[in-house]
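Q: The primary structure of each chain is shown beneath.
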Amino acid sequence: MLSLIVLLAPAVGCFLLFFMKERDDADRERIRGAATLSVTASLLASFWMWLAYDTGGERYQNVVDVSWAPSLGIGFRLGTDGISIAMVVLTSVVIWAGCYVSRSIKDRVKEHYILLLALVTGVFGVFLSLDLFFFYFFYEMAVIPMYLLIGVWGSRAAQYSKEYATMKLTLYLTTGAVFALVGLLAVYFQGSEALQAAGRLQPGERTFDIRLLGEAVYSAGFQKAWFPVVFLGFACIVPMWPLHSWSPIGHAAAPSSVSMLHAGVLMKLGAYGILRLGFDVLPLGAQHWMGWVAVLCCMNILYGGLVAMAQRDMKFIIGFSSSSHMGYVLLGLSTVGVMGVSGAVFLMFAHGIMTALAFGLIGWFYDQTHTRVVDDLGGMIRQMPFVGTCFVIMAMASAGLPGFANFASELLVIVGAWKSSFPLAGTGLSVPGWIPTIAAIWGIVISATYLLRAVRDAWFGPSNPRWEGLEDARAFRHRLPFVGLILVLTLTGCFPRTIVDTIKDGVKRLRPIPSAPEEAQR
Amino acid sequence: MTGFLAWLTLIAPLGAAVVLTILPGLRRSSLGPLVAVGSVLLCAATSLIFWMGGKSTDVESTWTWMDFATGAGRGIELGVLVDPLSKMMLLVVGWVGSAIFLFALGYMKGDPSIGRFFAKFALFVFSMLGIVLSTNFLMIFVFWELVGASSYLLIGYYVDKPSAVEAGKKAFLTNRVADFGFLLGILMIWNLTGSFHFGEIEAAVRAGKLSGADAGQLALASFLIFVGAMGKSAQIPFHVWLPDAMEGPTPVSALMHAATMVAAGVYMVIRVFFCFEPLGGADWGWAPGFVAWTGGFTAILAATIALVQRDIKKVLAYSTLSQLGYMVMALGAGAYSIAMFHLTTHAFFKGLLFLCAGSVIHGCHHEQDMFAMGGLRKKMPVTFWTFTAGMLALTGICPFAGFWSKDLILDALHAKHLAGLQLAATATAGLTALYMSRAWFLTFFGEYRGHAHPHESPKVMTLPLVFLAAMSVVIGVAGYFDWLFPVQGYLGKWTMQVLHVNASIAIVSTGVVLLGYGIAWAIYTRPTLDRAEAVRARFPAVYDLLWNKYYFDDFYLWLVRSVQQGIARVCRAFEENVIVKGLVGVPVGFTTWVADRSRRLQAGRLNFYAYVFVGGVTVLLLFLLAVGAR
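So the sequence lines, in the order shown, correspond to chains A and B. The C-terminal position of the first sequence is numbered 522 in our numbering, with every residue numbered one higher than the one before it. The C-terminal position of the second sequence is numbered 630 in our numbering, with every residue numbered one higher than the one before it.
Simulated from the structure, these hints should not be mistaken for laboratory data. Certain hints may be false.
[As the list claims (entries may be wrong)] Derived coverage of chain B by chain A (criterion: at least 3 residues anywhere in the stretch with Cβ under 8 Å from a Cβ of chain A; other residues may be distant):
no., region
1, 59-72
2, 182-190
3, 248-260
4, 447-461
5, 558-569
Bear in mind that the values here come from a model prediction, so they are computed numbers and not experimental data. Glycine included, each C-beta is placed from N, C-alpha and C at the ideal position.
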């Protein structure tokens, strides 16, 4: 029931917005109010789900199961486990903050909110679906509004036009989705066959039900052959190096609230898909191939960080830093152990909140300065002490300072990776855990460097006469999204068990990997 | 009860910082700073309770922070550990901290964002207490990072000043590089002993379960952990951030960059001494030797740089580096209790000296150049006399505090037959006397050379000075003769061997110190400072080398600007040319090319369609004939 509320609240809001008129400012205020109301309903429901999560109870809670196309085995199946609850909470917090930040949009407000709500319905749908068909359906539903949102309301990103950015993003995401679709169909046919053989399904009957497909027995050969297809599809979205180039441009070109959703939530769909489809259904494939991911993710971490260091546009800095941080997520996943994978999921959550905060704040000053190039900025903290302070907090969180969720989650990833070993499939070699871990720890030094530089260049130093008269966020409704995001980040950072215990419960119930090196930890 | 008190001591400053941050009304009121001061006074009170309670107040209380098994039945924990070592450090943080907080009330008065200052200052005390009370390596790392961050915030407190912002960033990043080693060391120790918890690691190391290969790894791990300590305690080559950190307000320099935070590295090594202790053996004893020599180099190099500084705070900053070098030498010699003793006495007299400098700067209207001071003896008598007490303590004149702790370090080096280091330490003592009395003469004697109207500071600033000066006089004697707190006996397992001041070593070192005073007196008491100029002109090469701080900063700047930024630019070029233009551009170009070619097939010319149609039908017929013929 709760999962239905989470999913339908923005959908209903989106539908109702079609019938609202946008003639004057009062109308616009009503539109904003309606959109905010609908996502607040999602927020409350998702927090309720989080608080009511029964650790050690049913694996999938809040289940909704409605038969839809029985001949193909498609059903409208929703439900949450520990992992998806974290993702749903993340999404609802980010879109809630995003709705407030979107107040700065003055042009075509109605259409903007309609697309935003459609987008977030899709994202919620992916995280809530227990049916592979709807999983894919909702994924596509999230990508299309993104295309329009960037194309219409976006801004120029360095030398690239917003049209280039949005085209590139959409092509990448749909190409990735096609790979994933192929893998998904393979699982559908093979899994249904296995279930028929085991007598769980009638002969000739098939199912898209993730719960059933997750229990089917797949041969090791099938798992090893199909995991790379599924993985590659989702790795485009993570984004894994070298498939990442859509992401920083997309971040930079998008309007604030869309950047927030894009970096905060959309990128997490990839890693979530790897867990849902890769780890739960094809665990042997995951174990077989993830060693290579541990090597590639070092490129994400180090290379992403170094490129961020050479950027001058604030959104590009954060954009490349995102691709660097997602490297930690991949490292955590590649440990295929409870601590590392839980850390990865927690980091997806933490990074989502942190990066949403970053783009919200950048949007706040970009609306006034019309430049994001750090060399042109400087000394702004005198004009906007509140936004500047929030930005410093964001930078500290992103640089992995204790007290914020990012530190706790990165610590789990690093500690989890240290004792792992990463077999490189096909070579007979194995990379000891400390090698990628050293890269990961060095990545923290790099991230501190570019973040502190960005803070120094944009906010500190003598106050710049060009920025006289910049407005700080003074009104309550302007401060609310930033305060809310920081609050979530610090509460889960100081008391990580509030969310990590839920995540860990979900990770523990992923299909166990026989003879995994960290079996003891599971 | 003790556990509760310990948690309260830890949490109270955090509470003060949070309250001051989220309540703007309180932050702007005059009550705000008092909240922060109160939280530190609480720490002073509980530290006294713990210390007087002796063994009965020893306690360890833990809280599972994250529930992931990292050792035998332990999750990732936060906790408080009250034992003799942490009690002693609590005394230092609590009492020196209280004195400095009170001083700051006066010093920062009139600053428009005094509430913000005290919020950050309280946050620092919280982080420091976390290091002091921590029960395991992960927790100490957590607070290690927090100390780095609060240091960043406080050094860069004057956000309009580019040099202050730059200095804060430098401090943070230098420490981050050192922490890279620290975290690696922690993970290695975990790998070897299967635990992050201090007690369990100690038991594992003591039990001697480590094989020969493990022992080599233990030496490497200990070295890496010491790298972390080198960052916080600003040992060469990580020392460059500390002098720049003087950009912060003077109370910050006093508390963090003299008394407590920089001592955290030394404290941490003492806390985990069991990792270093078994390394004394012949075959893998390189780690303690490395530690000792690092300290020795830092001590003497920093002391020489201090000789040429003009800024009064910079002199004290290099002096701090040099004194930390003493402590680290003691660590390398295995004299952990002596290092702790020197840490304690140093915290009091260096805190005092910085506050005196603050008082001077405050009195001279934010003038920091000693060559624009002079003759302040009569205008600021309290500051003068307390500074003198601090100077005598620092230079180790019997019976002031520094004498006892410094000479015990010399004895420890002597006992371990580290003659080279003993020589370096003795020479450093002479240099210390030289640069300190130079500062003393330049600031307080002769005629006033500046343009302000110096005045004595208010009571709220001078009272802490008097308190710290009194402590600088008595604390050494009290510690050495087991009056107030028997340092060597009290610290139990940290006392490898009980040492006594050796008369001949003491006489030699005192002689060297007096020589230093004599040279300074000969050069710097002339009213026109012509001899100072003459000395400088006599040795231009030496002067340049020292003035440029042995070119460490220039080398690092080159490293950052050329090497690191060069790599970053190469990566960016790779991104734009190979990934975007190649990986993405080539498929895009191919698709466009194919589309362009195939477009021509449907150009709309009827005769072309007819040709293709005829051709297609022909091919089809031939195919059918071929199939039919078979």
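Q: Now, for every hint given, state plainly whether the structure supports it.
A: Hints, one by one, checked against the model:
1. 59-72: holds (count 7)
2. 182-190: holds (count 4)
3. 248-260: violated (count 0)
4. 447-461: With 0 residues closer than 8 Å to chain A, the region 447-461 of chain B misses the three-residue bar; violated.
5. 558-569: holds (count 5)
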